[in-house]
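Colleague: Sequences are here, hints too, so could you generate the full structure?
Each chain, letter by letter, is given below.
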Amino acid sequence: MPPSIALRGVSKVYRPPKKPPYLAIDRVDLEVDEGRFVSVVGPSGCGKSTILSLVAGLIPATIGTITIRDDPVRAVRTDVGFLFQRDALLPWRTVRENVSLALRFCGLGRREIADRVDPWLVRVGLAPFADNFPHELSGGMRKRTQLAQSLVVDPSVLLMDEPFSALDVQTRNLMENDLLELWGASGKTVLFITHDLEEAIALSDELVVMTAGPGRIKARYPVRLPRPRNVSEVRFAPGFASLYERAWSDLRDEVLRSYERSLRSAS
Amino acid sequence: MSATATLGVERVPLARREWFVRTLQLGVILFFIAAWEGLGRAGLLDPFYYSRPSLFAPRIAEWFAPGSTAGDIWLDIRVTMTETVLGFLIGTLLGLIVGYAFARNRLLGLAFDPLLSMFNAIPRLVLAPVFILAFGIDLASKVALGVTLVFFIVFFATFAAVRDVDQTLVDNVRILGARRRDVTFEVLLPAAFSAIVASLRTSAGFAFAGAVVAEYIGSNAGLGRRIATAEAFFDSTGVFGGIVLIALLALLLDSLLQFVEGRSSRWKPRRER
Numbered sequence: 000m001p002p003s004i005a006l007r008g009v010s011k012v013y014r015p016p017k018k019p020p021y022l023a024i025d026r027v028d029l030e031v032d033e034g035r036f037v038s039v040v041g042p043s044g045c046g047k048s049t050i051l052s053l054v055a056g057l058i059p060a061t062i063g064t065i066t067i068r069d070d071p072v073r074a075v076r077t078d079v080g081f082l083f084q085r086d087a088l089l090p091w092r093t094v095r096e097n098v099s100l101a102l103r104f105c106g107l108g109r110r111e112i113a114d115r116v117d118p119w120l121v122r123v124g125l126a127p128f129a130d131n132f133p134h135e136l137s138g139g140m141r142k143r144t145q146l147a148q149s150l151v152v153d154p155s156v157l158l159m160d161e162p163f164s165a166l167d168v169q170t171r172n173l174m175e176n177d178l179l180e181l182w183g184a185s186g187k188t189v190l191f192i193t194h195d196l197e198e199a200i201a202l203s204d205e206l207v208v209m210t211a212g213p214g215r216i217k218a219r220y221p222v223r224l225p226r227p228r229n230v231s232e233v234r235f236a237p238g239f240a241s242l243y244e245r246a247w248s249d250l251r252d253e254v255l256r257s258y259e260r261s262l263r264s265a266s
Numbered sequence: 000m001s002a003t004a005t006l007g008v009e010r011v012p013l014a015r016r017e018w019f020v021r022t023l024q025l026g027v028i029l030f031f032i033a034a035w036e037g038l039g040r041a042g043l044l045d046p047f048y049y050s051r052p053s054l055f056a057p058r059i060a061e062w063f064a065p066g067s068t069a070g071d072i073w074l075d076i077r078v079t080m081t082e083t084v085l086g087f088l089i090g091t092l093l094g095l096i097v098g099y100a101f102a103r104n105r106l107l108g109l110a111f112d113p114l115l116s117m118f119n120a121i122p123r124l125v126l127a128p129v130f131i132l133a134f135g136i137d138l139a140s141k142v143a144l145g146v147t148l149v150f151f152i153v154f155f156a157t158f159a160a161v162r163d164v165d166q167t168l169v170d171n172v173r174i175l176g177a178r179r180r181d182v183t184f185e186v187l188l189p190a191a192f193s194a195i196v197a198s199l200r201t202s203a204g205f206a207f208a209g210a211v212v213a214e215y216i217g218s219n220a221g222l223g224r225r226i227a228t229a230e231a232f233f234d235s236t237g238v239f240g241g242i243v244l245i246a247l248l249a250l251l252l253d254s255l256l257q258f259v260e261g262r263s264s265r266w267k268p269r270r271e272r
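Protein chains in written order, with numbering that gives the first Met the number 0: chain A, 0 to 266; chain B, 0 to 272.
Please keep in mind that the hints were generated in silico from the structure rather than gathered at the bench.
Fair warning: this is a prediction, and the values are worked out from it, not measured in the lab.
Incorrect hints may appear among the rest.
To be verified - Here are some, though not all, of the chain B residues that point toward chain A, as calculated from beta-carbon distances under 7 Å: (1) V164; (2) D170; (3) R173; (4) G176; (5) P189.
Even glycine gets a Cβ: it sits at the ideal position worked out from N, Cα and C.
Modeller: What follows is the structure, encoded as structure tokens:
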């Protein structure tokens, strides 16, 4: 069986207008097997989000190849789900209309759309808010809507770019548990980007630590904690602390380096 | 004075009491009218130039009376309103199309930028004589002036809205399967409409002003014409009658648009409306 997601020798150079070009990620090799939950952690500016944009086909790689189930990524992939860090819901569409978007784009009729959207609204607990606009919802509810919006077409791959970083801690833990529950039996591959090591360990099967920019893969750790997990309890599970310590010793140097660099560029 | 007294019933500030504010507003208007009337009667404000409410109010009533000798007021209102609506619609449509095209095509936008900036720098009202020479004294010249005023407001609003549209929204719908056409109709145009609705009251106001000014300069019907005629007879009461009527119509138009704006902004957070 081919890997669900594979990056081979992928580098990305950005050329911003009127600024020198810079290398965002440098020769990244990463394979994610079908159905695995893999988290990528790294300091800010290490190019973690770039990896997701490349996999989704939103931007082209400068060199290297990216494949999803052996199918090379050449244009925007509509067979993946993408959860953005920022609000990506259309503000002028209601919750129901937002969740229906993907089905409308592939030309389904009203009846079929309702048949597939309604169960999702119930599953993420938004049925009573189906006709509300995004601005009328809390941050957590908007995230749930986005989750339903991405999952309604049942993609085999879910790409998540620091999706919960803007939420308060309690809401965040609830969302993380909901995510694990939704993912649990689905067999979907998840590539999860975060700067929060604890979140990464609590959710994943595997942890990838990146260097400060230009981003390279520094270390990979399997996470052998039993499932099903509860994110607010799993940090007390045996093995969590030692893994956290080892990964943090890798990450700390990179965070410091990234911080020093930001000080230098600020002065 | 005990602590409980200060913690007692909280006083609602006067500015928050609706009936009080309304009464105050009405009072200010009545005071203004009374002062005008009083100064006129006392001879401090020469009614020959400045008229008086007690002179122009009956004049307006007379205009609306059947068989008025001053011509059909409803015809004038209809003419001015037709010009306003046409100027507004055509200007909005052109502004939307050009603004959208320029925002989507960088080269096109850059090529036309200096020329458009130049046109926008012209005080539009000086174009009125040009339009009257070119399009005649009927409807077309009034609409043309309104169009030049409305066009730039809508053009700039659309251009900025489409250019600055949140890339996350575009990326998200593309991953959800949107084709080019879907991106246009689901993301870019709604963003543009939102900006147009926000500038609706300004642009409609300009269309109205353009129509009246062009009528004043050269026409044979409309509220601007009515003012110009009164002026020709040194009839300041007729001039003020026309001005007050125009102000009332503008107020009516504005509250209508406020309603439209409210209805179409239901999706916006209250502070952004």
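Colleague: Please go over all the hints and tell whether each is borne out by the structure.
Modeller: Comparing the hints with the structure gives:
{"no.": "1", "hint": "V164", "result": "violated, 11 Å"}
{"no.": "2", "hint": "D170", "result": "holds, 5 Å"}
{"no.": "3", "hint": "R173", "result": "holds, 5 Å"}
{"no.": "4", "hint": "G176", "result": "holds, 4 Å"}
{"no.": "5", "hint": "P189", "result": "holds, 5 Å"}
In terms of the numbered hints stated before, the structure departs from hint 1 and from no other.
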